[in-house]
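Following the hints, put chain P in place on chain S, whose structure we already have.
Number of protein chains: 2
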Amino acid sequence: MDETKVVLSDHEIPRQWYNIQADLPTPLPPPLHPGTGQPVGPEDLAPIFPMNIIAQDVSQERWIDIPDEVLGKYLLWRPSPLYRARNFEKLLGCPVKIYFKHEGLSPAGSHKPNAAIPMAYYNREFGIKRLTTETGAGQWGSALAMACQMFGLACRVYMVRVSFEQKPYRRMLMNTWGAECIPSPSSLTVSGRDFLAAHPDSPGSLGVAISEAVEDAVTSENTRYSLGSVLNHVLMYQTIIGLEAEKQLEKIGVYPDVVLGCAGGGSNFAGVSFPFVRDKIHGKDVRIVAAEPTSCPSITRAPYAYDFGDLARKTPLLAMHTLGHDFVPAPIHAGGLRYHGMAPLVSHVVRLGLAEARAYNQLETFDAGVKWARSEGYVPAPETNHVIAAVVDEARRAKEEGKEKVILFNWSGHGLIDLTAYDAYLSGKLTQYELPEEEIERAIRTTSAFPKP
Amino acid sequence: MDETKVVLSDHEIPRQWYNIQADLPTPLPPPLHPGTGQPVGPEDLAPIFPMNIIAQDVSQERWIDIPDEVLGKYLLWRPSPLYRARNFEKLLGCPVKIYFKHEGLSPAGSHKPNAAIPMAYYNREFGIKRLTTETGAGQWGSALAMACQMFGLACRVYMVRVSFEQKPYRRMLMNTWGAECIPSPSSLTVSGRDFLAAHPDSPGSLGVAISEAVEDAVTSENTRYSLGSVLNHVLMYQTIIGLEAEKQLEKIGVYPDVVLGCAGGGSNFAGVSFPFVRDKIHGKDVRIVAAEPTSCPSITRAPYAYDFGDLARKTPLLAMHTLGHDFVPAPIHAGGLRYHGMAPLVSHVVRLGLAEARAYNQLETFDAGVKWARSEGYVPAPETNHVIAAVVDEARRAKEEGKEKVILFNWSGHGLIDLTAYDAYLSGKLTQYELPEEEIERAIRTTSAFPKP
Numbered sequence: 315m316d317e318t319k320v321v322l323s324d325h326e327i328p329r330q331w332y333n334i335q336a337d338l339p340t341p342l343p344p345p346l347h348p349g350t351g352q353p354v355g356p357e358d359l360a361p362i363f364p365m366n367i368i369a370q371d372v373s374q375e376r377w378i379d380i381p382d383e384v385l386g387k388y389l390l391w392r393p394s395p396l397y398r399a400r401n402f403e404k405l406l407g408c409p410v411k412i413y414f415k416h417e418g419l420s421p422a423g424s425h426k427p428n429a430a431i432p433m434a435y436y437n438r439e440f441g442i443k444r445l446t447t448e449t450g451a452g453q454w455g456s457a458l459a460m461a462c463q464m465f466g467l468a469c470r471v472y473m474v475r476v477s478f479e480q481k482p483y484r485r486m487l488m489n490t491w492g493a494e495c496i497p498s499p500s501s502l503t504v505s506g507r508d509f510l511a512a513h514p515d516s517p518g519s520l521g522v523a524i525s526e527a528v529e530d531a532v533t534s535e536n537t538r539y540s541l542g543s544v545l546n547h548v549l550m551y552q553t554i555i556g557l558e559a560e561k562q563l564e565k566i567g568v569y570p571d572v573v574l575g576c577a578g579g580g581s582n583f584a585g586v587s588f589p590f591v592r593d594k595i596h597g598k599d600v601r602i603v604a605a606e607p608t609s610c611p612s613i614t615r616a617p618y619a620y621d622f623g624d625l626a627r628k629t630p631l632l633a634m635h636t637l638g639h640d641f642v643p644a645p646i647h648a649g650g651l652r653y654h655g656m657a658p659l660v661s662h663v664v665r666l667g668l669a670e671a672r673a674y675n676q677l678e679t680f681d682a683g684v685k686w687a688r689s690e691g692y693v694p695a696p697e698t699n700h701v702i703a704a705v706v707d708e709a710r711r712a713k714e715e716g717k718e719k720v721i722l723f724n725w726s727g728h729g730l731i732d733l734t735a736y737d738a739y740l741s742g743k744l745t746q747y748e749l750p751e752e753e754i755e756r757a758i759r760t761t762s763a764f765p766k767p
Numbered sequence: 315m316d317e318t319k320v321v322l323s324d325h326e327i328p329r330q331w332y333n334i335q336a337d338l339p340t341p342l343p344p345p346l347h348p349g350t351g352q353p354v355g356p357e358d359l360a361p362i363f364p365m366n367i368i369a370q371d372v373s374q375e376r377w378i379d380i381p382d383e384v385l386g387k388y389l390l391w392r393p394s395p396l397y398r399a400r401n402f403e404k405l406l407g408c409p410v411k412i413y414f415k416h417e418g419l420s421p422a423g424s425h426k427p428n429a430a431i432p433m434a435y436y437n438r439e440f441g442i443k444r445l446t447t448e449t450g451a452g453q454w455g456s457a458l459a460m461a462c463q464m465f466g467l468a469c470r471v472y473m474v475r476v477s478f479e480q481k482p483y484r485r486m487l488m489n490t491w492g493a494e495c496i497p498s499p500s501s502l503t504v505s506g507r508d509f510l511a512a513h514p515d516s517p518g519s520l521g522v523a524i525s526e527a528v529e530d531a532v533t534s535e536n537t538r539y540s541l542g543s544v545l546n547h548v549l550m551y552q553t554i555i556g557l558e559a560e561k562q563l564e565k566i567g568v569y570p571d572v573v574l575g576c577a578g579g580g581s582n583f584a585g586v587s588f589p590f591v592r593d594k595i596h597g598k599d600v601r602i603v604a605a606e607p608t609s610c611p612s613i614t615r616a617p618y619a620y621d622f623g624d625l626a627r628k629t630p631l632l633a634m635h636t637l638g639h640d641f642v643p644a645p646i647h648a649g650g651l652r653y654h655g656m657a658p659l660v661s662h663v664v665r666l667g668l669a670e671a672r673a674y675n676q677l678e679t680f681d682a683g684v685k686w687a688r689s690e691g692y693v694p695a696p697e698t699n700h701v702i703a704a705v706v707d708e709a710r711r712a713k714e715e716g717k718e719k720v721i722l723f724n725w726s727g728h729g730l731i732d733l734t735a736y737d738a739y740l741s742g743k744l745t746q747y748e749l750p751e752e753e754i755e756r757a758i759r760t761t762s763a764f765p766k767p
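So the sequences go chain by chain: S and P. Here the first sequence stands for residues 315 to 767, where the numbers follow the working numbering. Here the second sequence stands for residues 315 to 767, where the numbers follow the working numbering.
Take these hints with a grain of salt, some might be off.
Any copy, or any two copies together, can satisfy a pair, since identical chains are not distinguished.
Said to hold, decoys possible - With a straight-line Cα cutoff of 30 Å, these simulated DSBU-like cross-link-like pairs (lysine-lysine) come out:
{"#": "1", "residue 1": "K743", "residue 2": "K561"}
{"#": "2", "residue 1": "K319", "residue 2": "K561"}
{"#": "3", "residue 1": "K743", "residue 2": "K713"}
{"#": "4", "residue 1": "K743", "residue 2": "K319"}
{"#": "5", "residue 1": "K766", "residue 2": "K685"}
{"#": "6", "residue 1": "K319", "residue 2": "K565"}
{"#": "7", "residue 1": "K443", "residue 2": "K404"}
{"#": "8", "residue 1": "K443", "residue 2": "K685"}
{"#": "9", "residue 1": "K717", "residue 2": "K594"}
{"#": "10", "residue 1": "K594", "residue 2": "K766"}
{"#": "11", "residue 1": "K598", "residue 2": "K628"}
{"#": "12", "residue 1": "K594", "residue 2": "K319"}
{"#": "13", "residue 1": "K685", "residue 2": "K411"}
{"#": "14", "residue 1": "K766", "residue 2": "K628"}
{"#": "15", "residue 1": "K628", "residue 2": "K561"}
{"#": "16", "residue 1": "K743", "residue 2": "K719"}
{"#": "17", "residue 1": "K628", "residue 2": "K594"}
{"#": "18", "residue 1": "K598", "residue 2": "K719"}
{"#": "19", "residue 1": "K565", "residue 2": "K717"}
These are calculated hints, taken from the structure and not from any lab test. Nothing here was measured: the structure is a model prediction, and the numbers come from that model.
Pulled out of the complex, with its shape left as it was, chain S reads as follows (with noise of 0.2 Å):
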């Protein structure tokens, strides 16, 4: 009987967030004010976070602590288990060998509670009493629910329409934790009715649903936004994965060859693979891969510039590969990861040499899921397919280089709620999907009146 997974005890669980600002080569260029070109201030953020959150987004300390009733919330399903995926390396039939962090043990079937939590805690400490934000596929709009919940907050989700529609379960999760769940754009904000006047068929996208959020939580009382990704503190909280991943490894006395997440807006690729760039900026030996879909292609294809976070204008302005703020993907597209901008410290350690970015497109992402699900059980979420897909190419890159290799890669989730994707795939309804060029002279033109970063 062979071994398959490394399991930590609850006592083992990392008491500190990794901060990647404090190694980084050459700082991050700032958040600048749309109106001045000038670096905000915290006080410009005020009225969207609360201020000790702000705090930790800009900090420059390398180790952050986890408060005690964070880390007695993540044990409802942390350390979570590094498995190595025997059956998948049997199929692939490559040198490798494939370690996986199992992300999808959590109460939402995602990494996203490990932002979540975080984000409700601090604003409840700060007195916060209400939080709005946005949801794609839903991933990452249960967390906040569920996370709300725990902490006594009220939650309303703005979510991008098309998936309201296709995917009612996620809408119903969010209710069973107390939440409230709004298909995006809506009339109960002037960004959805504008959009609304403008686009009345349109499917939504996470531009406008962001737009809203925001909205209500600068013109609601003690209420504050949050967002699911992108911004340096959600990336840091996702990196409890790839801290975890590393005692683990350690255990077993294996260092990867390559590290490998799925990137949308970036939080579960940095929280993998954060700890492990801090590595390689001292030197070590790691290659260190994000893949996101051909229909979103920000790394890959995006122009890096200055760019809004949203379609209304309402944030500051980010330093960022970005398909411009008026992006609206194509519904043609079954799975997450739609966000037309990519992290700025995901972006800006691409733009350092320390990660690289690959894009796939739909159907080989489903056609990986559905053999993994085959072989190793567990149904990915369509985003998880992505990477998985990568994982499928560096296998056969191996073979043919006639070298062995470590695989470690996020499982970020598991498609339970997004099986309407695979029924899709499955009877041969999803159709391959490459962004059109003209999207990225859009995206050119869109950006190319804000400054140079």
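Just chain P, lined up with the frame of chain S:
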């Protein structure tokens, strides 16, 4: 930071299942041939089950080795963590420590793969190429679909029509794992066609779905039938749950005052409790409690009698608590736990005074389940909500009695694919339902023609 769970490493997984037949103070009444009224022999069952499984069903050995290949698949999610439900304890405010086995972390989201995997394995070992089965809410059908895929067997699942329609994600999950899923009653079998002719609008029942699956198995080449609960060998495979729990509780120096499980056919209840029933037989002071629905109250209200396992009378007669093989559960009931009979071993153990049972109405079970989800995060399956309601009862009783108690229960599965039931509950569409007395009288009439156990 208080610890929340006890984990076992892969090498600590139990290597044997526990067979309670070796410890019963009086033996289990044998299955009878309906024609002769005599105990059935292995050859009578050979068209339905492979001989290696039949041998296990009647074995009197206390410990049965778990094959290495089965252990290898178990390790995908086993040993399952033993949790302490600290948040739920706090919510209840009663003098209890609540421990539970988290069986919702398996790829199928429930305890069912514990039995599906050995069943697929033993059938493959016996040279079988295809399995048929039935499923109610879908937990069993999806588990067998996964197991068959893992061992290279074809799989067809007859799913009770009302569940097939209410729970489309279950069908999609079975398809993702490569199985066929057919709504029952279907026109593919004589049993299905006969039933449809008499009841064209029937919501279906487990009784008729079993008839279809058995008929398919005995009339198709290289095909056998698999049952997901009720039978001795199925209950034995599930004892891995209780055996792990014993080890985990020993590690923290705790022994339970009461052990609980929800009971439909009886397999998860037996799985968690039979190792503790063994202790009770040997004099230990521990209470064993089964929680069933008031809509399908076999242990608490139905006669103990010989009856068929299916509607079309294709099975041997089994000695059990039974609502009659012609029972059709009310479609008003949102969860699983709809089988007309209770496992012979569970029925026998209750008759011997080694276990007790209580029935819960669906409104109180969903009330308990929503409280659980909002404190502990994980959303329980509707079936699991029954045992949570029983845990609430036990906790309140401990408070009334002013006694401290340790509770152990089996959290049999998550409800992420059953969210429509939560949606119905939260929007006030679920109603109270108690099985009318006439149904009990009918069960007594139905079984009066058979021998008395």
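Original post:
Going through the earlier hints one by one, which of them does the structure break, listed in rising order?
Top reply: Of the numbered hints, 1, 3, 4, 5, 11, 15, 16 and 17 do not hold.
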